[in-house]
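Asks: Next come the chains, spelled out residue by residue.
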Amino acid sequence: MGFSRALHDAGLTVNPGNLLDLCQCFEHIDITRRDDFHAAARATLVSRHEDIPRFDAVFARFWEAPESIVIRRRKEGDEEAEDQDEQTPGARLLLPSDEGGDDSPRDEPLKLAYSADEALARHDLGTLADADIERARRLIREVVKALANKRGRRHAIRRHGRRPDLRRLLRSRTYYTADGICALPFKARRINKTRLVLLCDVSGSMQRYSTFLIEFMFALRRELSDLEVAVFSTHLTVITDLLKRKGVAASLRQVADKVHDWAGGTDIGGSLRQFNERHAPRMLNGRTAVIFLSDGWDRGDANRMREEMARLRQRAQKLVWLNPLLGTPGYQPLTQGMQCALPFLDYFLPAHNVQSLSQLARTLRDIGA
Amino acid sequence: MAEREGAAAAEAASRHFQSIDEIQSRFAGRGYVADRMLATTMFLATSLGKPVFLEGEPGVGKTEIAKVMAEVLDTELIRLQCYEGLDSSAALYEWNYTRQLLELRLQEARGIEREQIGRNLFSEEFLLQRPLLKAIRGGSARPPVLLIDEVDRSDEEFEAFLLEVLSDFQITIPEIGTLRAERPPLVVLTSNRTREVHDALKRRCLYYWIDYPSFEKEVKILRTRLPQVELRLAGQICRFMELLRQQDFYKKPGIAETIDWARALLALGLAELDTEATNATLGCILKYKGDIEKLRQLGLDGIVTMALMPGHDPSAAPAAFG
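Sequence lines, in order, name chains A and B.
Residue numbers 112 to 480, in our numbering, belong to the letters of the first sequence in order.
Residue numbers 8 to 329, in our numbering, belong to the letters of the second sequence in order.
Everything labelled a hint here was simulated from the structure, so no lab data went into it.
Any given hint could be a false lead.
Here are the simulated SDA-like pairs of lysine to any residue, each with C-alpha atoms no more than 25 angstroms apart in a straight line [said to hold, decoys possible]:
1) A/Lys429 to B/Tyr90
2) B/Lys258 to A/Gln428
3) B/Lys301 to B/Phe222
4) B/Lys258 to A/Asp457
5) B/Lys258 to A/Asn387
Some, not all, of what chain B presents toward chain A, calculated at C-beta under 7 angstroms [claimed, not checked]:
6) Leu55
7) Arg202
8) Leu213
Using C-beta positions, here's what the derived DEER-type ranges look like [claimed, not checked]:
9) A/Glu138 to B/Pro234: 34 to 42 angstroms
10) A/Asp352 to B/Gln253: 30 to 38 angstroms
11) A/Arg410 to B/Ser221: 36 to 44 angstroms
Even for Gly, the Cβ is constructed at its ideal location relative to N, Cα and C.
Please take these sequences and the hints and turn them into a complete structure.
Replies: Structure (structure tokens):
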């Protein structure tokens, strides 16, 4: 179907099942009425609020002049992008084409821009000494453990506990054969792994710590299945998917490629807003801990930052700020960004080397996060 | 093939509405103003027998749709409020253990055979029906409306479980067997979007995003729900709300707030909006301290004045809202 193809080209995935649903709809509605058809198509084919404007645009364009769309597609469709589309029919992302310069805000998170600065920035991604890495990993594991264990609201079977599991008791055979005298099965709240969202500052002022940052990200990634990572300086880019790939080196290259404002300026408030608006509903729930890794140098609007921090505070379970500068003797969190953020944080901890990480692990254990 | 035709025929027989217009007019009769798009979606939901997934900001009337739908169809509304940790024993069924234990003692005392006791204990008599099971068994003659409210509050496990139930409308209870819905209920799911619900679940549903209403629509809704509000005041109220929604609040006011506020203003006996009364009743509109402070900073006076501007007075064209 041409229409579904056009939607696909606009970056909207159409599920074949839903297409069938739409066809079924035709039995019930009068498809010559355009608004009814529009309503039916939208109800069956779209499943996200963000997609609606795009869907409407494609719908309007397609049904006004289907021909012109087809022609347009051929012109811009480079072979490569076409092939990739076919291989991953479920992909929601618009694969960037060579043109890349298209500045429409819609595909902003997926957009690739290229500048000479990036090529330079790429060289900064080094590694720590092997022994240090090993130690850091061990510590990170502890940190994660301390952070991630929290009682959930669902129950699991336990041998001992306070709440007897009556359902299991009645279904167990021993209860009937032993005349009602048997060990009671218990249930207790299951431990839920906390979800972690890591927001890393990769602006120029953080450059000194970039190797550490990257190690930290990768170590967390290995330890936790439920982790989202985003980096920000003036924009925010989610790089969770990039970190999933195997091979640190390959991923690093991709990260450096994708994050075009690596080692740029800082606008924490703006980046946070981007996060709150676009990613927060999907990533945050009542048991999400958000970890900032930043020195708090901010050139953005302080009010906005305060607002966005408050918003984040309401949605996340814990807010942790790791500041590499906090390890420096005599450091006071006086930067504008830090001042805005401090009232909203649960923990404000140093993170500049391996020792500070071990302190972090201890702190978290003590508080029983 | 024949089976499919049979199913289609059965579906046609159970169809509740003849046309989209009928939905619109019958909803209007119950005081719910539905635009054509929403009516089409609901119409398709009833005719295709698919669940509807309603998403939108809080207070735009998502839950209300299910209630009105149940009223219009003159059937039972079964509501399942979601929360984190909601599991099958709260959503589907649970055995009544205390009664089972008592019964066990009784039957033992009577000397009933052991196996027979087992069978007796796990009969429907001891089954506590929770909303989902109730919707599937459907006590009344007409298929009920099942409202699964605020799905976004539940956790992933429950979503997966819902998928299973919603795709076949059947439930398996090990002790009894598989229960299948003879007349599948009309399912309405709502979400406030505090988190993204999984795609697999959405894909099985008809999706509809309820937006804040347009000015005209909001006036109409307000006048339908509270006929005693003068057209002039209604226009001012809605204009004010529209202006507020353009601002960036943590929680923007929905229609529910509009109606609450109008009610409050009525109780104060106001014929026209003024700053003082608005200030006193702000609690009806904004529910966060930060938002209220922000509004005061923005200058409440200015917004009230703008809301009073005659250019937006709907009484200038009363025919449109009559």
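Asks: Does each hint fit the structure? Answer for all of them.
Replies: For each hint, the structure was consulted:
{"no.": "1", "hint": "A/Lys429 to B/Tyr90", "in the structure": "holds, 20 angstroms"}
{"no.": "2", "hint": "B/Lys258 to A/Gln428", "in the structure": "holds, 19 angstroms"}
{"no.": "3", "hint": "B/Lys301 to B/Phe222", "in the structure": "holds, 23 angstroms"}
{"no.": "4", "hint": "B/Lys258 to A/Asp457", "in the structure": "holds, 24 angstroms"}
{"no.": "5", "hint": "B/Lys258 to A/Asn387", "in the structure": "holds, 14 angstroms"}
{"no.": "6", "hint": "Leu55", "in the structure": "holds, 6 angstroms"}
{"no.": "7", "hint": "Arg202", "in the structure": "holds, 5 angstroms"}
{"no.": "8", "hint": "Leu213", "in the structure": "holds, 4 angstroms"}
{"no.": "9", "hint": "A/Glu138 to B/Pro234: 34 to 42 angstroms", "in the structure": "holds, 39 angstroms"}
{"no.": "10", "hint": "A/Asp352 to B/Gln253: 30 to 38 angstroms", "in the structure": "holds, 35 angstroms"}
{"no.": "11", "hint": "A/Arg410 to B/Ser221: 36 to 44 angstroms", "in the structure": "holds, 40 angstroms"}
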